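Visitor: As a plain string of letters, each chain reads:
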Amino acid sequence: MKTQFDKSIQFHQTALNLQAQRQQLLASNIANADTPNYKARDIDFRTALQGALSGARDRMPLATTQPAHLGADPDTLLQQLSGYRTELQSAVDGNTVNMDIERAAFAENALHYEASVTFINGMLRSMNTAITGQ
Amino acid sequence: MSMLNVFQIAGSALNAQSLRLNTTASNLANADSVVAEDGQPYRAKQVVFAARPVAGPEAIGVQVTQVVESAAPLRLVYEPNNPAANAEGYVEMPNVNVVEEMVNMISASRAYQNNAEVMNTARTLLQRTLQIGQ
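Chains S and V, in that order, are what the protein sequence lines are.
Numbering of the first sequence is given in the working numbering, commencing with residue 1 and proceeding in unit increments.
Numbering of the second sequence is given in the working numbering, commencing with residue 1 and proceeding in unit increments.
Everything labelled a hint here was simulated from the structure, so no lab data went into it.
Please note that a few of the clues may not be correct.
To be verified - Under the rule of at most 20 Å between Cα atoms (straight-line distance), these lysine to any residue pairs were calculated in the SDA-like manner:
#	chain 1	residue 1	chain 2	residue 2
1	S	LYS7	V	GLY133
2	S	LYS39	V	ALA55
3	S	LYS39	V	PRO57
Claimed, not checked - In silico negatives: residues of chain S with every beta carbon more than 12 Å from chain V:
#	residue
4	THR3
5	LYS7
6	PHE45
7	GLN50
8	GLY51
9	GLY55
10	GLN66
11	ALA68
12	LEU88
13	GLN89
14	GLN134
Unchecked claim - Output of the computed footprint for chain S on chain V, the stretches with three or more beta carbons under 8 Å from beta carbons of chain S:
#	stretch
15	2-15
16	27-38
17	49-61
18	110-119
From a predicted model like this one, the values you see are computed outputs, not experimental measurements.
We put the beta carbon where it would ideally sit given N, CA and C, even for glycine.
Okay, chain S solo, but in the shape it has when bound (with noise of 0.2 Å):
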C-alpha cells in the first residue's frame, strides 16, 4: 500500500533523478566547448518531469526473431525528450555550444538538485519526528 508519504517522496525521487541525468547532458556540452560540429542538448525539465510522473516509459525494442531482422534502436525516455539547443550565436566551426547559456544552466541545475535534496531530507527528519514523538 501506497502512502501519501510514498508518493510524495517518490515525486522528489523522480525530480531528483532527472536533474542528475540533466546535470549529465549539461557536463557533456561544457567538455565539447571545443569540439567541431558538436551540438549542444537539453531537456525541458518541466516536460521532462511530466512525461516521468504520467509513467511514460522507455520505448521498447523491437523483438528480432530472424538473423535478417532489422532491429530500431530502442529510445530511452530521456533520449525522446531531449532536444537540441538553438543557436543564438553561429561558430565557423559548427559548434553550437553557448557557454554562458551552459553554465546558469548548469549552475541552477544545481541548485535545483540541492532544494530536491533538501525536501527529501526535510520529510525523512519530519517522519523522524512522528515516529520517535519528540
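Given the coordinates of chain S, work out where chain V should sit on it, guided by the hints.
Guide: Chain V in isolation, oriented as in the chain S frame:
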C-alpha cells in the same frame, strides 16, 4: 549512475584540454627552431577534438583523435650568413603563429577551468546525496 558520469565527461575534457595546452607549449617553445628532429624546420602542431560517448548516448566526453601538423607555409627570413640558408640567402623558419598560439593557450586554460568547476559542482551534489537521511 548519471551523476558519476559527470566525472568521466569532465575528466575526458580536462585530458583533452591539457593535451592542447601541451601542443601550444611545444609550438611556442619551438617558434624559432630552424631544425626539428627530422632535419626540417619545426611545424606547428594542432590537436583534433572529437565527441565520444563515455557511458550511454547522453554522456558525451571529448577525445583527441589526432595531432596534425599545420599546413601553413613556412616563414622565410633573409639571413645569408646562416648555415641553414638556401642559395638565395633565405632561411625557412617554423610556421608557428605566436599570436594564434597565445589565443589557443588562453582558450584552453579557460576551458580547463570550466571543466574543473563542473567536477567540483558534481562532487558537492554527490556529497549532499550521500547525506540524505542523516
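Visitor: Run every hint past the structure and note whether it holds.
Guide: A quick look at each hint next to the structure:
| no. | hint | in the structure |
| --- | --- | --- |
| 1 | LYS7(S) - GLY133(V) | holds (17 Å) |
| 2 | LYS39(S) - ALA55(V) | holds (18 Å) |
| 3 | LYS39(S) - PRO57(V) | holds (13 Å) |
| 4 | THR3 | holds (17 Å) |
| 5 | LYS7 | holds (18 Å) |
| 6 | PHE45 | holds (14 Å) |
| 7 | GLN50 | holds (19 Å) |
| 8 | GLY51 | holds (15 Å) |
| 9 | GLY55 | holds (20 Å) |
| 10 | GLN66 | holds (27 Å) |
| 11 | ALA68 | holds (26 Å) |
| 12 | LEU88 | holds (18 Å) |
| 13 | GLN89 | holds (16 Å) |
| 14 | GLN134 | holds (17 Å) |
| 15 | 2-15 | holds (count 8) |
| 16 | 27-38 | violated (count 0) |
| 17 | 49-61 | holds (count 9) |
| 18 | 110-119 | holds (count 4) |
When the structure is compared with the earlier hints, a violation turns up for hint 16 alone.
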